[in-house]
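*Asks:* The chain contents come next:
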Amino acid sequence: MNDITEGLRAAFWLLVSFDAELWEISLRSLKVSLSAVVIACAIAVPLGTWLAVQRFAFRRTVIAVMNALMGLPPVVVGLMVYILLSRSGPFGVLGLLFTPTAMVIAQVVIITPLIASITHQAMRELWAEYHDLLISLNTSKWQRVRTLMWDGRRALLTAALAGFGRAIGEVGAIMVVGGNIDHATRVLTTAIALETGKGDFALALGLGFVLIGLAVCVSLVTHALSQTERRGRW
Amino acid sequence: MVRVLPVELRGAVVRRRGRAILGPVDLTLAGEGLTCVLGPNGAGKTTLLRVMHGIERLSGGTVGYGLPEREALRRQGFVFQAPIVLRRTVAENLAYPLRLAGAGRADAARACADWGGRIGLGAVLDQPAQRLSGGEKQMLALGRALISGPDLLFLDEPCASLDGRATAAIEGLLRAARESRTRIIMATHDLAQARRLADEVIFLRNGQVERHCAAEAFFAAPQSAAEEAFLKGDILQ
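Sequences listed follow chains A and B, in order. Each residue of the first sequence is one higher than the one before, starting from 158 at the first, in my numbering. Each residue of the second sequence is one higher than the one before, starting from 37 at the first, in my numbering.
Don't read these hints as lab results, they were simulated from the structure. C-beta atoms are modelled at their ideal positions from N, C-alpha and C, and glycine is treated no differently. One or more hints might be untrue.
Estimated spans, in silico, between C-beta atoms of each pair [said to hold, decoys possible]:
no., chain 1, residue 1, chain 2, residue 2, range
1, B, G78, A, W307, 49 to 59 Å
2, A, V195, B, R146, 35 to 45 Å
3, A, L236, B, E107, 23 to 33 Å
4, A, P230, B, Q163, 22 to 32 Å
Derived pair list, reagent style DMTMM-like, types lysine to aspartate or glutamate, alpha-carbon separation capped at 20 Å [unchecked claim]:
no., chain 1, residue 1, chain 2, residue 2
5, B, K268, B, E236
6, B, K173, A, D308
7, B, K173, A, D339
8, A, K188, A, E163
9, A, K298, B, D199
10, B, K173, B, E128
11, A, K298, B, E252
12, A, K188, A, D176
13, B, K268, B, E252
14, B, K173, B, E215
15, B, K268, B, D226
16, A, K298, A, D176
17, A, K355, A, D339
18, A, K298, B, D226
19, B, K173, A, E178
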């Protein structure tokens, strides 16, 4: 209990004193995770929707694999991305290892199946509702996908926020590919891991509360901007 | 301009799990007017409409329109028994087929305002369509099917479970559409409605077309025991 109180106090002081390092790692956390979410959504949302409307051989297998990939162990993803980006790896020449870009790549790999699966589930239900109408209106595949994505945008927002939640709270993969380098790749989760390792539980908890606050704020701002709860709208 | 879009079925068969639920059907629908598809439950009325509209996969036979299929389907509309409304406003629902066809926002908005009034939903154009009552949803579905001026309109029991007022409103729209030379093919259980509206009748039983004739002839002179029993309201096995 004492640790939690100390943590809350530490979080409060870090915020009110505009601690420069806290702002730096918070902004880096946001930048990395939001970039990963944007890229993952660009891949996963059309993919999940397309899987809902398209019939092809091995479709069920693809969906099963996609669902299974939701549980990808982040450390293993980090290790694979590390090998690919290391000097001896196929993309070593790009010099991306231990940069925020490598962290974004790792997070994209982790959250894309999650967003695609949630998208697919939501779009499958909407497609069942719209199927006869969209077929009878002689719509093209692309028009169907666009209609479902637009009318199912609230579910897609949920999928994106779930991806963001997983990304911003992720530590294993970004620790491996980012290296937790001060002023370069340190983010809130890796800082928490570092402070915990050093035994500074109060600071670690403080950073944890800031992380939770950040995730909640992003969710609230997203809902407010997209007006999902506006009266009479979906 | 006469906009007849003929529908021609040749040996059309639909099987599900090895059982033929429709056909083989040979049928040609040409000319104008309103055709009612009648028959007991399970006769294949809905399946026949879906086959004619090209949204039901045939197990055998063909369906043709005298036009390339894509062009023919573009000139058709379909209203389902359970109205399907998009999770959008009434106006956006009405505008949807126009926008699909490439109409601009201003043109679509003008058409929506016009059709909103015609279907009695002018005051709720900016309301979410899913908040409408069942009858209003069916009016919206009908308006959405008619807004792009189809040559051929299919309706699958559009007035099922609607009250007299909503039924009268829908029948008014159908009469107006028929006068503007939209060919209408409608499945219905309501014999009184068929008498009021039909120019010709297709009587289906056990997936087979038992009779295809002028409505007057059908109601005046049934040609089989099944037709007679159906017109009397007896239960057909």
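*Asks:* Does the structure keep A/K298 and A/D176 at a Cα separation of 20 Å or less?
*Replies:* violated (51 Å)
*Asks:* If you check the beta carbons of A/V195 and B/R146, does the distance land in 35 to 45 Å?
*Replies:* holds (37 Å)
*Asks:* Holds or violated: A/K188 and A/E163, Cα atoms, limit 20 Å.
*Replies:* Outside the cut-off at roughly 28 Å; violated.
*Asks:* Need the status of pair B/K173, A/D308: alpha-carbon distance at most 20 Å?
*Replies:* With Cα atoms ~17 Å apart, B/K173 and A/D308 stay inside 20 Å; holds.
*Asks:* Verify the proposed pairing of A/K188 with A/D176, using a straight-line Cα cut of 20 Å.
*Replies:* holds (18 Å)
*Asks:* Would you check the hint for A/K355 and A/D339, treating anything up to 20 Å between C-alpha atoms as holding?
*Replies:* Given pair A/K355, A/D339 holds - Cα atoms ~15 Å apart, limit 20 Å.
*Asks:* Regarding the pair B/K268 and B/D226, is the alpha-carbon distance no greater than 20 Å?
*Replies:* holds (12 Å)
*Asks:* Could you see if the CB distance from A/P230 to B/Q163 stays within 22 to 32 Å?
*Replies:* Taking Cβ atoms as reference, A/P230 and B/Q163 lie about 48 Å apart, which means the hint is violated.
*Asks:* Is the Cα-Cα distance between B/K173 and B/E215 20 Å or less?
*Replies:* With a Cα-Cα distance of about 24 Å, the restraint between B/K173 and B/E215 is violated, given a limit of 20 Å.
*Asks:* Take the C-alpha atoms of B/K268 and B/E236, compute the straight-line distance between them, and say whether it is at most 20 Å.
*Replies:* holds (19 Å)
*Asks:* Does B/E128 lie within 20 Å of B/K173 when you go C-alpha to C-alpha?
*Replies:* holds (13 Å)
*Asks:* Given a hinted range of 49 to 59 Å, is it respected by the beta-carbon distance of B/G78 and A/W307?
*Replies:* Since the Cβ atoms of B/G78 and A/W307 sit about 38 Å apart, the hinted range of 49 to 59 Å is violated.
The structure is inconsistent with the numbered hints 1, 3, 4, 7, 8, 9, 11, 14, 16, 18, 19, although it conforms to all the rest.
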